[in-house]
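So the protein lines, in turn, are chains A and B. Letter by letter, the first sequence follows residues 1037 to 1222 of my numbering. Letter by letter, the second sequence follows residues 83 to 769 of my numbering.
Hints in this document: simulated from the structure, not taken from any laboratory. Any given hint might turn out to be false.
Said to hold, decoys possible - Using 20 Å as the maximum straight-line C-alpha spacing, the simulated SDA-like pairs for lysine to any residue come out as follows:
1) A:K1213 / B:K91
2) B:K501 / B:I403
3) A:K1213 / B:K501
4) B:K91 / A:D1047
5) B:K91 / A:N1186
For reference, the chains in residue letters:
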Amino acid sequence: MAMMLDDEASDSELIGRARQGDRDAFGQLVGRHYDFVYRVAYRWSGRKADAEDIAQDVCVRLGRAIRDYRGGGAFTTWLYAMTLNAARDVARKSARESAKTEAYGSHALIVGQAQAAERDDPVEALWAAVRLLPDKQREAVLLVYGEGLNHAAAAETMAISEATVSWHIHEAKKRLKILMRLAGEV
Amino acid sequence: MVDDNELKKLRDAALPGPDAEARARALSAAMMAFDEKDEVATQGTAARPRLTSRALMLWREIMQKKLIATPAIAGLVALPIAGYAAFHLMQDGGPALDTGGTVAETLADKAASAKPDAQARPPVVAAPSTEDLKQQVAPFASAAKPEAAAPAGNVQAAPRKEFARMKSAEMNQAMPMAEAEAAQRLGASSADVMPMAEPTIAPAPMPADTMRPPEENRDRIQDFKTNPVRSAKEDPVSTFSIDVDTASYSFVRRSLKDGLLPQPDTVRVEEMVNYFPYDWKGPSNAETPFNTTVSVLPAPWNGEHKLMHVAIKGYDMQPAIQPKANLVFLIDVSGSMDEPDKLPLLKSAFRLLVNKLKADDTVSIVTYAGNAGTVLEPTNAGEKDKILRAIDNLAPGGSTAGEAGIREAYRLAQKSFVKGGINRVMLATDGDFNVGQTDDDDLKRLIEKQRGTGVFLSVFGFGRGNLNDQMMQTIAQNGNGTAAYIDTLAEAEKVLVEGASSTLFPIAKDVKIQVEFNPAKVSEYRLIGYETRALNREDFNNDRVDAGEIGSGHSVTAIYELTPKGATQQVDNLRYGEATTGNGGVSNADEYAFVKVRYKLPDADTSRLITTPVTAANEVSSFDAAGTDQRFSVAVAAFGQKLRNEDATAKFGYDRIQEIANAARGADPFGYRAEFLSLVRLAAAMN
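Given only the sequences and the hints, what does the whole structure look like? Please build it.
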């Protein structure tokens, strides 16, 4: 986050130039934020390959949409939203496949993996559980705990009210408890 | 156990950095997207819309989904739709009515999806292409080493995704941009099953949670369920509107030729069957505009079943007596049309058509992009040079202002209206048609109104990636026209030159078919295809209900699969529902069914009826004894069902389809059937 804030001023300058069609400015802007996007994508998906896919997707979207960026909020807020959207899209792409694999006993697989992960690293296990949450809760936890945003900033990113973020976090905690216990037991 | 302190550790989790290569690839993709300068893709905005716009989006989305031609059915559909809308608003709403998250998503999606054809731009992730395919395959390959590459710990995603990737490596070839949509469809259905239960079923929450309701996608294609097997005792009457569209076949062909199995929802079996010209016996004069040939033959894919093959052939008008035509070309020249298989192909296609016209026919050209404009005022086809020059000068650019264009086209059509002749707007587009109009419904109303004044509308789809199949269907069905998908110049020739008379000159409109089955002979039946054309039983006699149009020389084929009385049934008999026949026995007990066709002459308001009883006289003893065209159409129907992955043909191999089609090629003067055979081979190779 700190990096972002430092660069905020020149970010807006770059955006301004990119909107005018300045290629270099845009290239600089994307290069600067790629790692940020990748990090969020990785936290969301938990897979390097997916995160790279998502990040590339975001870069492309950025290329198409930058001219229409009106600078209403912080650029990073916009990036967060875009990245999470892209991440969801990638997940959705594989959702159909997941439906097909139902027959393969998804439950057993999920639990088995959680177990394996936990043996490795408790934080990873927690992340794994976070990734099992419904999208909204997953995003809220990612933004608040993974990225260290406060509820208000997360609310802006997710375009929902602050109270709703808090509620998602609350629900997520309840659910994480169950998920973690489950992974521990089996 | 899970408290703030623990959750804060989430920040510390190890984070494997991205590959330099992936980074470079992403950045260059970004630059490419930046350079595209696509005016259409303007929706990825930072300003977040409010609830109202979300509701509107949803509503529009739903309206666009609804594709049913008849107001009566539209009424029936409205209620469940309202429920659906409410459900999705609620589902995403959470307790505090939060709405924004998914709004932004929809818009961002649009930004990505508004870009028409991903094929030309390899490294774009949003739409799989070869480059993308490589990327998709690569992670799978690396992940195949036991846990080596993949960071440990992705509980849910890892195993399923592995599988998904494996699949998606194949599937990506199979389903291009349709993939995501299909995923959503599947997702939606399973999410619908367990909507609110989610918070309580923590252990295996995946399906309900990660799957989202369907959203706008690039190729807009209506999904539909395959017709079920019906019991002739409970539900003896089957009613549908005829369909002479051929768009689905071209779409399937294009997909297969690109090396991809088509998305099942793009396969409309009836459109595939009706793509081919058949030599059914036609009527002898225009007064009875068509002739019905019914035959009953054994089903090749099921030894116990029979097929009832209903073939309708329209009267073939002699060119000399063809009425004068007043055509308005409404041509999409928006930026997205700037691809070799769109505007240039379209120009060649219309040039072919102009050459086919008679000297006293009139042609006008309206373009729409940014602002709708008249390129050519009504001009006699005799002044061919002037028309061809106008076509040549069409240049792409701007966004799509569909509504203004269509109004202008109708205005010109009225201006040079030919009484007693053909007045038709011919719309050529690659997809989106919605700038300046609130939803598909408004458009539909406009087209319906114009239909009343005698101006018909046909739609020609070009290109792929942005094709709005649904819009094409909606407006063609409501405009008394046909929808054709033009992917090659050969197809343009088939539709606009070979088929010019059937495309342009209607001989009957609102053609509906109703079949009553005799439960004494038939225990079950299933209509193959025509899912999107189903009508209510009572609609058949209601002249206000719109239905399909038949052009000069058109042939239309409908095939039922029958379970004869005594054969193994798929539907159990009712224990208490044994129907009694009050008269001690059914009259006409030896008939299989009774086929009724209702139609209106092109300028008439009241319908006429043609009836044909189906008896043993219509039956042939073996499949091979059936006519060449019958056998070929059955092969096409089997192929369509295969592509739709239907149960009936699950055990019926592509090799058998090929065998039947090969034996039934007939004269095939234009090579359409030979091409079909090559498609079957392609599909077989891809399975």
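Quick rundown of the hints versus the structure:
1. The hinted pair formed by K1213 of chain A and K91 of chain B meets the criterion: a straight-line CA distance of about 15 Å does not exceed 20 Å.
2. A C-alpha spacing of about 15 Å is found between K501 of chain B and I403 of chain B, which places the hinted pair at or below 20 Å, so the restraint holds.
3. Under the criterion of a C-alpha separation no larger than 20 Å, the hint pairing K1213 of chain A with K501 of chain B is inconsistent with the structure, at around 76 Å.
4. For the hint linking K91 of chain B to D1047 of chain A, the alpha-carbon distance of about 30 Å lies beyond 20 Å, and the restraint is violated.
5. Pair hint K91 of chain B plus N1186 of chain A holds up; C-alpha atoms about 16 Å apart against a cutoff of 20 Å.
Checked against the numbered hints given earlier, this structure breaks hints 3 and 4; the rest are met.
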